[in-house]
Amino acid sequence: MLLGVIADDFTGATDIAGFLVENGMRTVQLNGVPSAEIDVDADAVVISLKSRSCPVEQAVSQSLEALAWLKAQGCQQFYFKYCSTFDSTAKGNIGPVTDALLDALEQDFTLVCPALPVNGRTVFNGHLFVLGEPLNESGMRHHPVTPMTDSSLIRLMNAQSRGEAGLVNYQVIEQGTAAVVEEFAKLRAQGRRYAVVDAFNANHLSILGAASQSLTLITGGSGLAAGIAQNWADHLADQSAAKTAGLPTKAKSVVLSGSCSLMTNQQVAVYRDQAPSFLVEVEACLEDQSYVDHVFAWVMNNIDSDWAPMIYATQPAEQLHKIQAKYGAQVSSEAVEAFFSRLAHQLKEAGVKNFIVAGGETSGTVTQSLGVQGFHIGPQIAPGVPWVKSVDGSLCLALKSGNFGDEHFFAKAQEFYL
Numbered sequence: 001m002l003l004g005v006i007a008d009d010f011t012g013a014t015d016i017a018g019f020l021v022e023n024g025m026r027t028v029q030l031n032g033v034p035s036a037e038i039d040v041d042a043d044a045v046v047i048s049l050k051s052r053s054c055p056v057e058q059a060v061s062q063s064l065e066a067l068a069w070l071k072a073q074g075c076q077q078f079y080f081k082y083c084s085t086f087d088s089t090a091k092g093n094i095g096p097v098t099d100a101l102l103d104a105l106e107q108d109f110t111l112v113c114p115a116l117p118v119n120g121r122t123v124f125n126g127h128l129f130v131l132g133e134p135l136n137e138s139g140m141r142h143h144p145v146t147p148m149t150d151s152s153l154i155r156l157m158n159a160q161s162r163g164e165a166g167l168v169n170y171q172v173i174e175q176g177t178a179a180v181v182e183e184f185a186k187l188r189a190q191g192r193r194y195a196v197v198d199a200f201n202a203n204h205l206s207i208l209g210a211a212s213q214s215l216t217l218i219t220g221g222s223g224l225a226a227g228i229a230q231n232w233a234d235h236l237a238d239q240s241a242a243k244t245a246g247l248p249t250k251a252k253s254v255v256l257s258g259s260c261s262l263m264t265n266q267q268v269a270v271y272r273d274q275a276p277s278f279l280v281e282v283e284a285c286l287e288d289q290s291y292v293d294h295v296f297a298w299v300m301n302n303i304d305s306d307w308a309p310m311i312y313a314t315q316p317a318e319q320l321h322k323i324q325a326k327y328g329a330q331v332s333s334e335a336v337e338a339f340f341s342r343l344a345h346q347l348k349e350a351g352v353k354n355f356i357v358a359g360g361e362t363s364g365t366v367t368q369s370l371g372v373q374g375f376h377i378g379p380q381i382a383p384g385v386p387w388v389k390s391v392d393g394s395l396c397l398a399l400k401s402g403n404f405g406d407e408h409f410f411a412k413a414q415e416f417y418l
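Numbering (the UniProt record's numbering), first residue to last: 1 to 418.
Treat the hints with care, as some may be off.
[Said to hold, decoys possible] Think about it this way: if two alpha-carbon atoms lie no more than 30 Å apart in a straight line, the pair counts; the simulated DSS-like pairs of lysine-lysine are:
1. K250 with K91
2. K326 with K91
3. K326 with K252
4. K326 with K250
[Unchecked claim] Estimated spans, in silico, between C-beta atoms of each pair:
5. N203 with V270: 38 to 44 Å
6. D304 with V270: 30 to 36 Å
7. A185 with E281: 53 to 59 Å
8. F124 with P316: 54 to 60 Å
9. Q319 with E182: 33 to 39 Å
No wet-lab data here; the hints were simulated from the structure.
Note that the Cβ used here is the ideal one computed from N, Cα and C, for glycine as well.
Assemble the whole structure, with the sequences as input and the hints as a guide.
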């Protein structure tokens, strides 16, 4: 096993796993740290946690547990994968987890690279942009759990970590790998613990990937995955079989959408016009014990439609704020996730095999409810969103981070097997 990845949510895990497979690494994704012996034949293992927005101490503990398991498998390099929009607060969790991993690995330096240009996440002069807008002016400023009010990755990292960040700007990166390695050394000599790196095209990521070859710990989004995989090219065998291991098969399918991101709102609006759709009511989730049974019955009445029926709690920002003001952000979120958990379990028992899920938290909840321990990674529906198949072959899932994919994502996912 060459590379061990610790991802802070389920969709983030499938995101980077998809890019690793596309670039030649046999990759298996595990849902949480295995509690028993498991035989994993892979070049890379991605452990998906649910640590993005939990208490800091819990995020650190889970991440260290994942690191210990990966070290025991003989992994030679480690990658802490977080969201390309750097979802976090002044308390964490990105900074504290990074510090804990560095300490456990007895390292004093890493890079910070959330960039994913193919999905519009770019870094320029240390500032993170989303589809050309500064992070704090994008839809992320309204995120219900981690509202992003600053675009400076240096300020964001310094606020939540023990060390100090420095910048490797695009002028240095465009001079090539050697220049970046030299800049890393300069920052390290200055006592900087983290190198925030510019990246706004694929060439930048390729150079940064090569420059990261000697780093024991890398942190970032999935953009660097291609470059990291290329560093191991001499160790990789033919990967044609690996790329087909996660292909979905035609079966009863559903769409479950819990994300309230701007793109997911667009995707829901488009798909609502072509498929049976059911809006989840928060009040009913909280007060009606039979609500899940009612929705389950609706799904089964529509399961043989041309397009998979969609159950969605996705709401525009204005409506979401009203719901949170009435019920409380945490209470309403937990009620919806509990609803999706129970519904997914009932649907699996009724023979539904394919689950298309929007939202990191919802994906984690659904995957746990389905009892899936790990995945084979399949073809990408959109950059960073592959189909995956459970290791026992019984279920196929598409786990989509909120803002990924275009407005036709839900239909495109089904075109792989329709």
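Consistency of the hints with the structure:
{"no.": "1", "hint": "K250 with K91", "result": "45 Å, violated"}
{"no.": "2", "hint": "K326 with K91", "result": "26 Å, holds"}
{"no.": "3", "hint": "K326 with K252", "result": "36 Å, violated"}
{"no.": "4", "hint": "K326 with K250", "result": "41 Å, violated"}
{"no.": "5", "hint": "N203 with V270: 38 to 44 Å", "result": "33 Å, violated"}
{"no.": "6", "hint": "D304 with V270: 30 to 36 Å", "result": "22 Å, violated"}
{"no.": "7", "hint": "A185 with E281: 53 to 59 Å", "result": "57 Å, holds"}
{"no.": "8", "hint": "F124 with P316: 54 to 60 Å", "result": "29 Å, violated"}
{"no.": "9", "hint": "Q319 with E182: 33 to 39 Å", "result": "51 Å, violated"}
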